[in-house]
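Since chain R is already given, all that's left is putting chain G on it; use the hints.
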Amino acid sequence: MDAFLQHLVNGLVLGGTYALLGIGLTLIFGLMNLVNFAHGELYTLGAYATFAAVALGGWNFFVAVAAAIVVGAVAGALCERVLLAPLRDESIDTTMLVMIGLWIALQNAELLGWGGVAKSIPHPFPTAPLTLGPVGIAPLRVFVVLTALALIGLSWLLIQKTRLGTAMRATFQDRETAALMGVKIGRIHTATFAFGSALAAAAGALLGPIFLAYPSMGDLASLKAFSVVILGGLGNLAGATLGGVLLGIAEELGAGYVSSGYRDAVGFVIIILVLLFRPSGLFARSQRIG
Amino acid sequence: MRALAASLGALALLTLPFWLANPYHQHVVIMAGIFTILALSLNLLLGYTGQLSLGHAGFFGIGAYTAALLALSWEWPFWLTLPSAALTAGLAGLGIGRLALKVRGAYFVLVTISFAGVISLVSINWMELTNGPLGLPGVPPAELPWLSLRTKRAYYYLVLLGAALTYLVCQRVVRSRLGRAFLALRENEALAESVGVDPTRTLVAAAVLSAAMAGLAGGLYAHYTRFVSPEVFLFSYTVTMVIMVVAGGKGTLAGPVVGAVLFTALPEALREAMAWQWQMLAYGVLLVLLVFFLPRGIVPALRIHRVRAPALPAPSFLGEVSEGASTAPSERKMLTITDLSVAFGGVAALAGVSFAVRPGTITSLIGPNGAGKTTAFNAITGYLRPRRGRVSWGDVALTGRRPCEVARRGIVRTFQKTSVFPALTVRDNVLVGLHLRGRAGVLPILLARRAVREEEARLAAEAESIMAGVGLGHRRHETASALPYGEQRLVELAVALAAQPRLLLLDEPGAGMTGGEKERLIELIRRLRDGGMTVLLVEHDMRLVMGISDTVIVLNHGRVIAEGPPAAIQAHPDVIRAYLGAAARA
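Here the protein sequences line up with chains R and G, keeping their order.
For the first sequence, this note's numbering begins at 1 and goes up steadily by one.
For the second sequence, this note's numbering begins at 1 and goes up steadily by one.
Chain R on its own, in the form it takes in the complex (with noise of 0.2 Å):
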């Protein structure tokens, strides 16, 4: 029991930093019909953002995990300006296609620019875990499990409660009488592009620290936010939340009574079930977007 219920905080925090990444890939899948596969790079960007910041810059640790998102931020909007915005009446596959280009080549880059030796990320938080009752939990975890939360709710504040989130709204419900009503479409596309990368620079850099910071670190993200987003159902935030904070925990259990060496299967399997059986997400009764 006492081992269960560690695996459901371990699970938790991981569920937390996936539903960020979910968050970002639904809304740029669902708003703006991309097959996203550069997502996870976007992560491996966050995290070699911190690490730059704080190993080799001296940076605090907190202004690095911030500046990170904000070089999240800026990548996203660069990629959507230039590869994205003159493909915009392309097909999904035409899209998909770039995408795939993107992520080989930044991925690569990285490799280049970083070598191929994993980084530890430094942090100020003492390594002896918390202990509540049976569970311990490093305070590491703690910063992480609670940033992701407090962005998740950022997110859902921005989609509800600004006038840019109402025009993403609109634009995902019907994206021609969006454009009709005066949304500017190709600035909905940079933002909600520039989001979604935030978001997922936010999780690398969240997660960095706790594990470490190699060049295809990426591709798990990729396939864990596709399995976050399978199973909320596209463009419904709620479900990418829950949906992450369950492979979270999915995984740790698996992981801790199946086969460690399954633990990434968990994703894969979820993706196959859910799609051949609940195409439309396990949440798709919520409401869409937010």
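Keep in mind the hints are simulated off the structure, nothing from the lab.
What you are looking at is a predicted structure, and each value in this text was computed from that prediction instead of being measured.
Positions of the beta carbon are idealized from the N, C-alpha and C atoms, including for glycine.
Please note: incorrect hints may appear among the correct ones.
Unchecked claim - From the structure, some residues in chain R lie toward chain G, with a derived Cβ separation under 7 Å:
(1) S91
(2) I104
(3) F268
(4) L276
Chain G only, in chain R's frame:
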């Protein structure tokens, strides 16, 4: 000229190992052959059916492991392990195809990635079977009872044979009825179904063939490198295949071959100059650049357009109708619709509609916009599952059947929005319409049986007579999307007529036609009826409707408000209030 180039090419391929003395160069050529098979295999799915599989390394790896395990554990001879590799991968393709092809596009991509991911994890973790990450060393070399293929030179010929066979299989398939069905599904799935193409069966056939080819490549790879490890599942293999297909030209036969040779030779040539990370970086950038600057690939860009004979003057439009379209009176059946109800969310699009269409008549379904006319078409032909009610054709229930099954019973519909196979020629559009008139299966097509060739000749002749019948003969080699609007509507009609319907459902066939064109359309529909066809028509043009209909049914707010001969409908007070009143005053 072409024949000369082909024989020179064949000669070069056959003598290649004697030109290349360096074993390393021979190695590169062998790998190019294996990748040619892989690229051809991926192209069958990506290029022809339009479905991108990012799990192809999975099929390749299954083939490699099958060959290695059978040779190592059971000591099967090479001539058995190689076909087994293809067979096992083909079976995996059958399983994945049946599951994954319920979804399309991006979702199909994700299921295939996940499949390859799971298989790769199994190969790492199932120590007893696969020896885990250490892999299986010492796979025996290729030996036949009377021939050793141990040397690179001998193996080159084996791979060449494999690649040639794969190419031949692809060529036969894509030029057959099956290949046209692939293209039709890629271009316009709804239209393909309306003339009887079964999407699931067709796409699964493509997945099985494609997976088996990838498995063959895996088997060849295993006996060549003589070592198989979980690295065979590496995603970079799949990416390499995608780049080869996209760069060479997807949906062409030569494209994947060109792409595979180029992208095996190029990295090897650059090996001295750049580290492989740089190469992978270059691959990524190249893929982006290709999409921007050469989206259709190298082969289509190089293709020289043959100069065609000047177009003949257009024959009289809607001239003759194919005699094949007539129906014997004994086959005439009544379409009966009982209490049909369809709801979208809370809105009832059809609320208990009942009517019958008498055989050999022209019946029109009219009503204001949103009355439920197109919804009725969709429910009758299987595109929509009604919430309640029955549709029957004679004594056979159609409710709950898929569109392709409905089409098989001789019921063919057209679409309100112009719907053709845009990238196919007019002739190929019509040939897809003739899908149900052929019956060639996968095996006879692969064996190029005489019956298949005769069937093709017969279908080609029928296509010619249908094109001539609707006045599109002079356009036969033009791409459908390049035709003007009115002629695209004719293509649509030709596709539907090619399917030889007994009941033809026309959804606003006159929309966008000029007065003269409409006159001829009326003429054509009359002639179809006189030939024995039953016609159900949705149309807004009252002059057209009242001019040709035997019966008019009026829908309003999802209910039938009147039914009768045109004269009675024109005088019907409810109809005048709901619909004609406004139109009459206009």
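Quick rundown of the hints versus the structure:
1. A hinted interface residue such as S91/R counts as satisfied when its beta carbon comes closer than 7 Å to some beta carbon of chain G; here the least separation is about 9 Å, so the hint is violated.
2. Interface restraint check for I104/R: the shortest CB-CB distance to chain G comes to about 3 Å, inside 7 Å, so the restraint holds.
3. Hint on F268/R holds. Least Cβ distance to chain G is approximately 4 Å, under the 7 Å limit.
4. At about 6 Å, the closest approach between the beta carbon of L276/R and any beta carbon in chain G falls short of 7 Å, and the interface hint on this residue holds.
Against the hints set out earlier in the document, a violation occurs for number 1 only.
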